[in-house]
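There are 2 protein chains.
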Amino acid sequence: MKYKLIIVRYGEIALKAKVTRKRFENILVNNIKNALKTKNLQNKLRKEWGRIFIYSDQIENCLNVLKNVFGITSISPSIETDSKIEEISKITKLFSKEKLDRKKTFAIRVKRTGNHDFSSQDVAVKIGNEIVNETKANVNLTNPDFELFIEIRNDKSYIFIEKIKGYGGMPIGTQGNILAFIDSINSILASWYLVHRGCKPIFLVNKKIKNDVLERFMDYWFINSKIIEISNKDNIYEQINKIATLNNCEAIVSGLNISRQSENVLDKIKDFKRQIALPVLYPLIAMEDIDIKRKLNLIG
Amino acid sequence: MKYKLIIVRYGEIALKAKVTRKRFENILVNNIKNALKTKNLQNKLRKEWGRIFIYSDQIENCLNVLKNVFGITSISPSIETDSKIEEISKITKLFSKEKLDRKKTFAIRVKRTGNHDFSSQDVAVKIGNEIVNETKANVNLTNPDFELFIEIRNDKSYIFIEKIKGYGGMPIGTQGNILAFIDSINSILASWYLVHRGCKPIFLVNKKIKNDVLERFMDYWFINSKIIEISNKDNIYEQINKIATLNNCEAIVSGLNISRQSENVLDKIKDFKRQIALPVLYPLIAMEDIDIKRKLNLIG
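So the sequences go chain by chain: A and B.
Take the first sequence: its position 213, counting from 1, is numbered 213 in our numbering, and each next residue is one higher.
Take the second sequence: its position 193, counting from 1, is numbered 193 in our numbering, and each next residue is one higher.
Chain A on its own, in the form it takes in the complex (with noise of 0.2 Å):
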């Protein structure tokens, strides 16, 4: 099948103000133009309620750059059609032909919204017969080999067969902005965990570290932030807290953990603590080095 459209899933946002959500989806279609701008994939995006609709002809490039976007949860390539029986009947039949045969097993979920002269389980039991005329596959509800997705939304109805998961989490700006001291590639994953909360991140570096890494980071994951160099002359803490009240940061992210090889990390953090004029926060401080690295190889 040749798919022209992705359906984008946020999640079931759970925020009780209907004005937060609105922002809240606002930023994440905003930050999803942007992301597939970044990789000049051309595409047409449309948002209904609860659900984001992209059309392009470069979809496998959208997928890959949409499974990076925080805040979504899942997207499915999809097929588009009308809210017909006969049309969902063909293009079902299109996958099954594909997907099944005799030694395999299958299950049609519906969702259905909207007014019809059927209802899901009329569809699921009509569809269901005809793959099974058509394959000799049999139906297994419970744990099948493949799955066909029948979503009928009013006067369009969208055919897919796969949810592949996003990250999750939040869309970059939704929370504060936070100044990363980018001292480590620990202090990297730190900010990840921060960014994929919502804050925006502004990269503190030091003329030492090389900032390919960084960057590899930044378009891995769409994060499109200043970084700011620093000298390594002038007293540190004054420098981060200038920057920091420049670019109107909320917090400053570290990537110090308390682990078995370094002593003394909590005088280190009081140090901070006297130093620096805002919070700083340590979102690895208690994970250990093993589950660090595991977690870094995993963000890429």
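By construction, these hints were calculated from the structure, which means they are not laboratory data.
Hints are supplied without guarantee of correctness; some may be wrong.
Since the list gives no way to pick out one identical chain from another, each pair is judged satisfied if it fits inside one copy or across any two copies.
[What the hints assert, rightly or not] Quick list of in silico lysine to aspartate or glutamate cross-link-like pairs, EDC-like style, CA-CA up to 16 Å:
| no. | residue 1 | residue 2 |
| --- | --- | --- |
| 1 | K268 | E250 |
| 2 | K270 | E250 |
| 3 | K22 | D145 |
| 4 | K273 | E250 |
Add chain B to chain A, keeping to what the hints say.
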């Protein structure tokens, strides 16, 4: 088999300084003694290079205690014997009769240190053959149904079939004191993370909050710490600062995280920074609510 001994492993300690390693081990031994004493379990404890041996008539109960002592990576109920190959053979036969038949597969893992007139390989071959003759089971070194471990250390040998995982981390008290402000179940989890890394907590509770959850938590993890009640009437920050100083705390721990439900977490954190003299640590800061719930179930 009736066990009378537990082998306790505390991982490959990568500490460079011998002094630190010795301090770390002594604290672990004391924590183990206290935990067993709390549950009224009679025992005799012996320390060797990299291992702790615990002898008791109540092995099952001891295992239950030890699996929750931080710093321990794994435990094995074991049979101790001398290092004559006939003795080792006698015990392994008892094990294999209990556990094996012609439909099962097994592997023998031998470790040896000291001077003996046989090699590890000799032991594995001889005992492997005997088990095959006795039970008709088959050898499978990569994915056996049953593993038999033989550790020969000078004139003593240890035979066991189980390695029960501990929580690892660092023994309570190897890092500094922290003041854990318990205002929610999340704050208990936050302090768990730091205690797991070796910090010793002092608990601060509000009169309104029930202590039984906290007490069950302390009992479960063998945390023997002060609980201090504060009043709602006076300035909370002033009380925190005072109690932290009196108890030699190096940091405060809070269960705050950036979640979709609560807004302006960074504002709260800035407020803490201004009002509290010590650094505040937020181990859950970048965790999602669902992960926090999952971990809370895990820690009991």
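We went through each hint and held it up to the structure:
1. K268 / E250: between (21 Å within a copy, 10 Å between copies)
2. K270 / E250: between (19 Å within a copy, 7 Å between copies)
3. K22 / D145: Neither: 38 Å inside a chain and 56 Å across chains, both beyond 16 Å.
4. K273 / E250: both (14 Å within a copy, 11 Å between copies)
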